[in-house]
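A.B. asks: What follows is each chain in one-letter form.
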Amino acid sequence: MKKIIYTLLLAAGVIFTFSACSKSDNSAAPGIGGSGTGGSLARFTIYGNYLYVVDGTSLKTFNISNPKNMVQVSVMEIGSGIETIYPYNGNLFIGSATAMYIYSLRNPEQPQQEGMASHVRACDPVVAKDNLAYVTVRSTTNGSPCGGNLDALIVYDISNIQYPTAITTVNMSNPHGLGIAENTLYVCDGQKGLKVFDVNNATNPRLIKSVGEYNYFDVIPYNDVLICMVEGGMVIFDITEKENPVFVAKTF
Amino acid sequence: MKKNYILVLAGLAIAFSSCNQANLKRDAVWVPVYKDKTEARVILNLPAQQVRSGGKIYAYGNYIFQLEQNQGIHVYRLDDKKPVPVKFIQVYGAQEIAIKDNLIYTNNFKDIVVLNASNPQEVAVESRIPGAFDMNTFELLPPSKGYFQCIDTTKGMLIGWEKQDNVEAACIY
Chain U
1 MKKIIYTLLL AAGVIFTFSA CSKSDNSAAP GIGGSGTGGS LARFTIYGNY
51 LYVVDGTSLK TFNISNPKNM VQVSVMEIGS GIETIYPYNG NLFIGSATAM
101 YIYSLRNPEQ PQQEGMASHV RACDPVVAKD NLAYVTVRST TNGSPCGGNL
151 DALIVYDISN IQYPTAITTV NMSNPHGLGI AENTLYVCDG QKGLKVFDVN
201 NATNPRLIKS VGEYNYFDVI PYNDVLICMV EGGMVIFDIT EKENPVFVAK
251 TF
Chain A
253 MKKNYILVLA GLAIAFSSCN QANLKRDAVW VPVYKDKTEA RVILNLPAQQ
303 VRSGGKIYAY GNYIFQLEQN QGIHVYRLDD KKPVPVKFIQ VYGAQEIAIK
353 DNLIYTNNFK DIVVLNASNP QEVAVESRIP GAFDMNTFEL LPPSKGYFQC
403 IDTTKGMLIG WEKQDNVEAA CIY
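As given, the protein sequences belong to chains U and A, one line each in that order.
Residue 1 is where the first sequence starts when you use the numbering used here, and the numbers rise one by one after that.
Residue 253 is where the second sequence starts when you use the numbering used here, and the numbers rise one by one after that.
Next up, chain U with everything else stripped away, as it sits in the complex (with noise of 0.2 Å):
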């Protein structure tokens, strides 16, 4: 009997996760049909029926409308050091050790570089929302591998994908990766903190708070929870409130 109710306890929960996708919603990283919502620090993103990874040097492109047959469709040679990647409004934003690159999935099968901005050499997940980028950069003092001596989040004008602009930059500690909610922007600063930003007004991003404890690698932000990679695991927070990040509950 047991055995029963939790069979139909996940099948319900299956049927959840398929409504749940089949709204649409506003996050972030929306879900594209049916897929899911990965973290600024993912290697692997799916975007309608391919999957695109990252590796080394390079961007792999695979279709998966068959995925007990998955087909490499094509291999984009991109530039020493590619970390990060992230699909936003039908472009890829690829970080690297040197620079952002977006690519137009027009051609889904044949990604397309439209623009790129180098930066200095740092780690550098990015995101983004509207016509704006969000790229946290890294240096070596603080570990990490990719080199480089500046610790900040830069802000990119997107509008003309073309010609990425920075418009500003602001000094972090130790920054990792980062998500955004609305207005909101949230930036792991290590072990300074989970930092939460205004970003109403984006060429003056407004620090709200910092939320401390954890040493905070990377977030994202899903309906009104943020997950975040901690060391140790995972802490959630309630974000019904974008700007105010309410501690759920940890994983460890």
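To be clear, the hints were calculated from the coordinates, so they are not data collected in a lab.
A few of these clues could be false.
Listed below are the simulated DSS-like cross-link pairs for lysine-lysine, each with C-alpha atoms no more than 30 Å apart in a straight line [unchecked claim]:
no.	chain 1	residue 1	chain 2	residue 2
1	U	Lys68	U	Lys250
2	U	Lys192	U	Lys209
3	A	Lys334	U	Lys60
4	U	Lys68	A	Lys362
Use these hints to put chain A onto chain U, whose structure you have.
C.D. replies: Here is chain A on its own, set in the frame of chain U:
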């Protein structure tokens, strides 16, 4: 990429041995844990486990996921915003995850594998592309800096690290 990594390790090993005594035994050394190639490919459904070396995170429907560095995937269900441990999927070498239509795309070392999670209790391999992924070598390093026993790929696939005392360690980072 892996070759580069081995070269770097070799370089480190040489750099170290040139200014220190060889065969010196040390305490609190990270020692690689290996699995043989066949065993390393096996995907298993296991009970929920504690996070030891947590990796990347992912959200899908009512579930959230965290990689266990080079070991597999922790699965949690969000219950009123609280994560309830569901299970652990053993996928050695796993560093990445993405999900669509109840299919989990991850890496089992250099292979990209698709896992069918339609029945979350019995996640099963749907397909595999051998050698399609270059692993991030930085994530293969021991969990913390210090001396470690150099990786010997002839001993099998690296699946993790454990601390041991009184062992030789020629590598350091």
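A.B. asks: Compare the structure with each hint and give your call.
C.D. replies: Here is what the structure says about each hint:
| no. | hint | result |
| --- | --- | --- |
| 1 | U:Lys68 - U:Lys250 | violated, 36 Å |
| 2 | U:Lys192 - U:Lys209 | holds, 12 Å |
| 3 | A:Lys334 - U:Lys60 | violated, 35 Å |
| 4 | U:Lys68 - A:Lys362 | holds, 18 Å |
The structure fails hints 1, 3 (numbered hints given earlier, in ascending order).
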